[in-house]
Amino acid sequence: GIQVEQSPPDLILQEGANSTLRCNFSDSVNNLQWFHQNPWGQLINLFYIPSGTKQNGRLSATTVATERYSLLYISSSQTTDSGVYFCASQGGSYIPTFGRGTSLIVHP
Amino acid sequence: DAGVTQSPTHLIKTRGQQVTLRCSPKSGHDTVSWYQQALGQGPQFIFQYYEEEERQRGNFPDRFSGHQFPNYSSELNVNALLLGDSALYLCASSPGTVSGNTIYFGEGSWLTVV
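First to last, the sequence lines map onto chains X and F. For the first sequence, my numbering begins at 1 and goes up steadily by one. For the second sequence, my numbering begins at 1 and goes up steadily by one.
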């Protein structure tokens, strides 16, 4: 199946800083999603982005499918951005594969 | 519009017991999937239900079984619980089974096996 690797595994920022999270996947994908998991465990869908670039407020994401990676950009980070960020990819079958996540802590 | 809802939110079971977790999908969604998330890991796909049948299954033993009802809600059953089954169990729903559909998650059920 598809392998998904995320980097960095951990990230600590001061409020207001920018960051880039990376997701590499091992094969062609039909779907690539980014999620934010809050401290209570809920996964919030951030982007559905199998290719191209999307922006939503301070967050944006870019997927370069031909080079098998996706990037999540967080600008002007806030303490509420803390949590774990996951990317998940789906290939020919439905089965989504998640990376191990990037744990982000934003200090005030 | 209610999102994906799961129950119970937390539960503690003893080794060898059985557990049933419940999920109601987001309005308009007919496909439900279940995931297991161990501490420090990403969610692992257990199985997917569509039209009341199991359509896809991940690498989980037969102790893990499920059901989907005509109203699209679903249950996850785990028999003969092991300590290693302690995890967050997540339910996700989507409109159909095509891999290009966005999936939405519930808040999860935290299971502790002692």
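Because the hints were derived from the structure by calculation, they are not lab data. Note that beta-carbon positions come from the ideal geometry of N, C-alpha and C, so glycine has one too. Heads up, some of the hints might be wrong.
Stated by the list, open to error - From the structure, some residues in chain X lie toward chain F, with a derived Cβ separation under 8 Å: (1) Q33; (2) G41; (3) Q42; (4) N45; (5) K54; (6) Y73; (7) F98; (8) L104.
Exercise. Which hint numbers doesn't this structure obey?
Worked result: When the structure is compared with the hints, numbers 5, 6 and 8 turn out to be violated.
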